[in-house]
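Participant: One-letter residues, chain by chain:
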Amino acid sequence: MGDVPVELRRAERLVSTVTTGAEATGAEATGATATGATATPATQARRAPAPARRRRPLTPGRAAVGLGMLVLAIFIFGPLLWLMLWAFAGVWHYPSLLPQSWSLSWWREIFHYPQLVRSVGLSFTFAPIVTLVSAVVCLPAAYAIARFPVPGRRTLLVVLFASNAFPKIGLYITIAGLFYALHLMGTFFGVVLIQLLGTVVFMTWIPAASFASIPRALEDAARDVGASRLRVFFTVTLPLAAPGIFVAMVLAFLASFDEAQGTFLVGVPNYITMPVQMYSLVSDYPPQAAAVFAVLLSIPSVALMLLVRKHVLGGALARGFELR
Amino acid sequence: MKTAIQRGWYFLAASPPVVLVAVFIGFPIAVTVIYTLGHLGGANSAISSIALHQVSSNGRFATFGAYREVLTSHSFLADLVATVWVTAVSVAVVLLLAWLVALYGRLSDTRLARLLTSFAVVPLFIPVVIGSYAILQFWSYGGLVKTLAHAVGLPGFPALGYTLGGVVLAEVWVSLPFAVLMIGSGLRSIPDSAFDAARDAGASVARATWTVLLPMNLVPTIIASSFTGISILGSFTVPYLVGPTAPNLLGPDAAQTFQSFNEPQQAEVIAMVIFALAIVVAVPYLWATYRSNSGAPSAS
Chain A
29 MGDVPVELRR AERLVSTVTT GAEATGAEAT GATATGATAT PATQARRAPA
79 PARRRRPLTP GRAAVGLGML VLAIFIFGPL LWLMLWAFAG VWHYPSLLPQ
129 SWSLSWWREI FHYPQLVRSV GLSFTFAPIV TLVSAVVCLP AAYAIARFPV
179 PGRRTLLVVL FASNAFPKIG LYITIAGLFY ALHLMGTFFG VVLIQLLGTV
229 VFMTWIPAAS FASIPRALED AARDVGASRL RVFFTVTLPL AAPGIFVAMV
279 LAFLASFDEA QGTFLVGVPN YITMPVQMYS LVSDYPPQAA AVFAVLLSIP
329 SVALMLLVRK HVLGGALARG FELR
Chain B
13 MKTAIQRGWY FLAASPPVVL VAVFIGFPIA VTVIYTLGHL GGANSAISSI
63 ALHQVSSNGR FATFGAYREV LTSHSFLADL VATVWVTAVS VAVVLLLAWL
113 VALYGRLSDT RLARLLTSFA VVPLFIPVVI GSYAILQFWS YGGLVKTLAH
163 AVGLPGFPAL GYTLGGVVLA EVWVSLPFAV LMIGSGLRSI PDSAFDAARD
213 AGASVARATW TVLLPMNLVP TIIASSFTGI SILGSFTVPY LVGPTAPNLL
263 GPDAAQTFQS FNEPQQAEVI AMVIFALAIV VAVPYLWATY RSNSGAPSAS
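If you read the sequences in order, they're chains A and B.
The numbering used here applies: residue 29 is where the first sequence begins, and numbers increase by one.
The numbering used here applies: residue 13 is where the second sequence begins, and numbers increase by one.
What follows is a set of in silico ranges between Cβ atoms, one per label pair, in the way DEER data are often shown:
| hint | chain 1 | residue 1 | chain 2 | residue 2 | range |
| --- | --- | --- | --- | --- | --- |
| 1 | B | A288 | A | L125 | 44 to 52 Å |
| 2 | B | T175 | A | I327 | 26 to 34 Å |
| 3 | A | G89 | B | T175 | 32 to 40 Å |
Calculated directly from the structure, the hints in this document are not laboratory data.
Every residue, glycine too, gets a C-beta built ideally from N, C-alpha and C.
Based on the sequences and whatever the hints tell you, model everything.
Facilitator: Set out below in structure tokens:
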């Protein structure tokens with residue numbers, strides 16, 4: 029029960045609230061966001077197995093925890109919300125706490141620049157391709173490293189790790205020379221390759237840890253009752269490792285979606301993706317334009333986050349980084 | 013029991029990512045090393061044909077001329093100090109915050125505690141360009157922090173945009189999720205009984221944390237600090253957008269040396285310095301993982 033995400037349970041309760049009595053929804057939402065210590069009798073009754081909550085006295089310790097949480101929430105979300113405000117701001121001069129006038133003009137404006145529109149399309153083309161290629165290259169290796177006595181497997185993992193420690197900028201300068209020689213500069217494949225490099229480490233490590241954490245006895249049991257190796261893999265192993273694979277694929281998608289430095293070096297001028305475009309927006313356009321673009325660029329990230337949050341918090345990511 | 017052919021197949025199955033890394037990361041690193049030592053031909057001929065101001069070994073085994081030039085430059089040394097300082101402070105703050113969040117999540121299994129953990133993980137999913145830009149706007153002159161300070165009568169409150177302090181804030185923001193996940197996952201794997209036993213014997217929460225949870229969760233903490241340190245040392249986007257013109261971190265310094273001054277050899281020397289620092293930071297990580305694995309024989 030402890031691993032069921034808060035949002036999910038809240039959503040379930042919200043659904044039941046909506047279906048049984050819409051008037052309680054408001055109270056429910058405020059109850060959840062305020063402190064969680066109060067709840068209306070209506071919601072209390074519906075939350076049958078939950079123990080009755082009582083208001084605990086406000087001690088200095090609890091006050092400190094509350095204050096700390098507030099500060100952390102502002103630290104994390106403040107900048108993002110501030111950017112959201114900019115996306116809808118018309119005129120906004122310091123030191124006004126809110127924009128002096130509101131406007132949607134940049135939301136229309138942004139789609140009048142063909143280059144910006146094209147960069148959106150390119151980002152959504154590269155990210156799925158890079159994710160798939162990365163999965164094809166890395167997942168069989170992850171399975172092999174987890175399940176078979178691969179000669180020198182510890183060394184393989186450490187080599188992958190070391191490749192992560194070399195600064196990207198230094199790598200890209202030399203790769204530029206290599207790509208010129210291989211005629212990959214300015215090509216679609218070159219961009220896929222450079223983005224792929226940033227995904228290899230976790231696309232191998234995280235699924236490898238997931239495969240390794242599946243008890244052999246489960247697979248052996250399936251084999252004993254007559255299932256073929258392939259069948260065992262697809263009906264037992266793969267579903268159990270799915271959360272780790274899913275997390276790794278989402279991270280690969282986001283890494284590709286986020287990659288700017290290498291894409292800029294290899295892709296210019298043919299393939300300018302959203303994050304590359306973002307650099308020029310930041311310096312050459314008013315804050316509203318950059319804010320609108322930033323909000324657009326965040327939408328897929330936030331959607332994917334909601335999809336994998338449960339598995340990420342459940343430890344699928346953390347397991348991958350403990351070399352075994 | 014396993015035949016050589018079988019072992020060969022296993023190796024083959026595990027090799028694609030390794031081959032990819034060897035060709036497109038390992039080989040370039042090797043080429044980089046010999047380039048910084050003054051070998052301008054071969055794989056380096058394309059880059060050296062457009063570069064300015066190179067130091068050549070002229071057929072000798074190696075020259076340290078490019079290193080000497082970079083390592084004695086005042087702007088480089090200022091950037092080096094800034095990089096070490098920002099990395100040290102950011103890692104310390106990230107570890108402290110991550111421990112607080114993870115500890116609260118472990119000890120108080122309430123809805124609120126879980127919500128806090130999900131909050132702390134959000135930056136993992138926000139593109140770094142956007143996070144950096146948002147943080148720059150938020151903490152700069154004209155941002156919310158400065159506006160609030162003005163409203164409560166503190167017009168002298170510093171604007172942290174374009175300062176190294178701002179870089180620390182942004183690096184902490186970007187790095188916090190990974191550390192929270194690592195340390196939180198480690199804490200969850202410690203059985204309740206270990207902590208409860210210390211509490212039953214009369215230890216305070218702080219003391220039980222310090223003497224029981226901290227030593228038992230040392231390996232995840234070291235993993236978190238090594239990865240955080242390495243990513244900050246080599247970071248580009250955060251210091252490029254949020255940091256000052258100079259002194260800034262070595263990542264933007266290397267990029268500028270290459271793109272603005274067209275001195276790839278000097279840029280690669282800077283990259284080698286970052287790499288050397290990263291290796292130092294990685295040593296505790298490798299030690300910790302080897303040590304934690306050498307105890308019990310692996311099941312697989």
